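Enquirer: Read off the chains here:
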Amino acid sequence: MNRHVLSILVENNSGVLSRIAGLFSRRGYNIDSLSVGETENPKISRMTITVNGDDYILEQIQKQLHKLINVIKIVELKPEKSIYRELILVKVRADSKNRATIIETVNIFRGKIIDVSSDTLTIELTGDFEKISAFTELIKPFGIIELVRTGFTGLQRGNVQITD
Amino acid sequence: MKASDAIIQCLKKENVDMIFGYPGGAVLPLYEALRKSDIKHILIRHEQSAAHSASGYARASTKTGVCIATSGPGATNLITGIATAYMDSIPLVIITGQVKSTAIGKDVFQEADIIGSTEPFTKHNYLIKNAKDIPKVIKEAFYIAATGRPGPVLIDIPVDIQNENIEFDYPKTTNIPGYKPTYEGHNGQIKRALQKLKASKKPLICVGGGIICANAYQELKAFSEKVKIPVVHTLMGIGALPSDSPYYVGMVGSHGHGFSNKVVIESDLLMIIGARVADRATADLKLLNEKKNIIHIDIDPAEVGKNVDTTIPIVGDAKNILNRFIEKCTPLETDEWIKKIHQLKENYIKQDEDTDYINPKKALEFLSNIVDEETILTADVGQNQIWAARNFEIKGDRKFFTSGGLGTMGYSLPAAVGAKLACPDKRVISVVGDGGIQMSLSELGTISENDLNITIILFNNYRLGMVRELQDIHYGKGKNFSISFKKSPDFVKIAEAYGLDSKQVTSNREFESAIKEALESKKGYLLECIVDPNFSTL
Chain A
0 MNRHVLSILV ENNSGVLSRI AGLFSRRGYN IDSLSVGETE NPKISRMTIT VNGDDYILEQ
60 IQKQLHKLIN VIKIVELKPE KSIYRELILV KVRADSKNRA TIIETVNIFR GKIIDVSSDT
120 LTIELTGDFE KISAFTELIK PFGIIELVRT GFTGLQRGNV QITD
Chain B
0 MKASDAIIQC LKKENVDMIF GYPGGAVLPL YEALRKSDIK HILIRHEQSA AHSASGYARA
60 STKTGVCIAT SGPGATNLIT GIATAYMDSI PLVIITGQVK STAIGKDVFQ EADIIGSTEP
120 FTKHNYLIKN AKDIPKVIKE AFYIAATGRP GPVLIDIPVD IQNENIEFDY PKTTNIPGYK
180 PTYEGHNGQI KRALQKLKAS KKPLICVGGG IICANAYQEL KAFSEKVKIP VVHTLMGIGA
240 LPSDSPYYVG MVGSHGHGFS NKVVIESDLL MIIGARVADR ATADLKLLNE KKNIIHIDID
300 PAEVGKNVDT TIPIVGDAKN ILNRFIEKCT PLETDEWIKK IHQLKENYIK QDEDTDYINP
360 KKALEFLSNI VDEETILTAD VGQNQIWAAR NFEIKGDRKF FTSGGLGTMG YSLPAAVGAK
420 LACPDKRVIS VVGDGGIQMS LSELGTISEN DLNITIILFN NYRLGMVREL QDIHYGKGKN
480 FSISFKKSPD FVKIAEAYGL DSKQVTSNRE FESAIKEALE SKKGYLLECI VDPNFSTL
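In order, the protein sequences belong to chains A and B.
Numbering that gives the first Met the number 0 numbers the first residue of the first sequence as 0 and each following residue consecutively.
Numbering that gives the first Met the number 0 numbers the first residue of the second sequence as 0 and each following residue consecutively.
The set of hints was computed from the structure by calculation and includes no laboratory data.
None of the values given here were measured: they were computed from a predicted structure.
Hints should not be assumed to be uniformly reliable.
Simulated restraints, written as ranges between beta carbons of each label pair [claimed, not checked]:
hint: 1; chain 1: A; residue 1: ARG25; chain 2: B; residue 2: SER441; range: 28 to 34 Å
hint: 2; chain 1: B; residue 1: LYS171; chain 2: A; residue 2: GLU37; range: 38 to 44 Å
hint: 3; chain 1: A; residue 1: ASP114; chain 2: B; residue 2: GLU183; range: 55 to 61 Å
hint: 4; chain 1: A; residue 1: ARG2; chain 2: B; residue 2: LYS349; range: 23 to 29 Å
By construction, the Cβ of each residue, glycine as well, lies at the ideal position given by its N, Cα and C atoms.
Produce the entire structure from the sequences given, and follow the hints as far as they go.
Expert: Structure, rendered in structure tokens:
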């Protein structure tokens, strides 16, 4: 089973997200992550969906998604030709003894401390899958109180557009 | 113009002359507009039948079928009919009323999320939130329903929006960025397919409902004759090639003819056209494991490669692609292959069970021989469907309608209503079982009210015959459960109560004279044929 990242242009209408999510669930495919937002054209939204599956499942997902009238274009963002990012916010336990270590780790990963309390730090970090995983592994021993991730988003590298 | 009047104007622009429906509170404005129009409205007895009748109408007329229901239960009653049309790729436009737009989401009287409910089995659906969108949405709905791979499109319109005023301007064209069906086959793929065909010694075509959707009968006939390729078909492909063609083989699949399945297994190249290679069509076939060349032609790219590995996929309209093949193909040397197929067919021994009651296979064969080629037959689901599919010969196009994909009981009677209204001059026969007819019995009222001269052949074995067989196979004989009707109604009396002619027959001899009488009747006729409960499907 391989991870695939799909970038999908859809009409920016209500109900589109439910159509797409519904298609995945009723055909037995799993969505690992999904992020969606308006593009430079307010009539069009872009969804980035991460799925796990073999070539057959990936082909089926793409073909079935294409049948939806609101779906305009689908491309697979191949790792070697794309940039992926995800944003996470982590609230971590931080006392006077370990606060400096945490800040150092955050700096190494080019994260930001965006909220501080007497016994917590809240960190914002963006990066690809590996960077986010590495960071969360390092920060885990301090005690993660809450964590939220936006899901993957991505674009193809260089001067190519999804419409090409 | 009032939005409800605008809806009717849009339908008129789409050449709609008949609607199947059932009124209710959330479609009152629309029915008032319909009352003032010259569109014929058929008041069916249950919304599910509205969708089935619209489907029969669409299949017989080649037009898009239209049906209307009110919000909530009216809309949810449509669901089985919509799903049936979706599985069989039948173009329908369904209009449902919705509660007031300000009340949506508040669980008010007769509210149901029909958009959410029908998402999985409509080609597309719309909730109108702004009355001015109505013309654009209806234009798009008819375009989406009838083009590409046809299917049902639902439009949900809140009742307050139907009462708003709009400026009526019907768009001439549509532009839907995400919907551009492919009609032309890829040149390179066609070339590759031609090469494979040339090298083939035992080529075979397998056609499904896609040939009928594409109206590609002439092209299929011309192609098989010119290139000398035999043709098998699925249940939905009945009628794609006349059964008297020298290249006609038979039906494939678990309920198909044994020799057709043998031919599929023996072929070295299979050209699948407009068939989704469903489980029922491929059961018992070693199709998936054979190392044969498979050329799969379908207008829906998602069907190609879904159920069978394809050597050469070609996406496009069957009619266009067959024309390209006719143009470029030269006759193949298949005389030996065809001779072998004819031998296989000749060696096939029809099982001819003795029965004290009616033999449905013989009855349908007899019927097939006495009616003209223009006769339309609608079959329900279960044993009656397979008896009809295997024993009633279909020689013309758009003459056999059944719920092939979803397998919906209760389909035959309302579908026959739609077919008869679409083609009043053609003879329409509805074949049903005692289970299926009881799922849409009320439509006898629609038949009677509209003076529809439909011949209903009811094979009554007082049980769900196909389920009985399945239970026998899976759990052993004598373990049948919940499959017999111990209190069946007197169908003859029921038909009479609805004002139809009716008769019960119990022997083959009786059937032969009674069916002639039924066919001569000037009104709807229900011929109840008593069948041995143990009579087999195949």
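Enquirer: All hints, please: hold or fail.
Expert: Going through the hints against the structure:
1. The supplied range of 28 to 34 Å is met by A:ARG25 and B:SER441, whose beta-carbon atoms lie about 32 Å from each other.
2. The hinted window of 38 to 44 Å between B:LYS171 and A:GLU37 is violated, with their beta carbons roughly 30 Å apart.
3. Between A:ASP114 and B:GLU183 the Cβ separation comes to about 59 Å, which falls inside the hinted range of 55 to 61 Å.
4. Take A:ARG2 and B:LYS349: their Cβ atoms lie about 56 Å apart, and the range 23 to 29 Å is violated.
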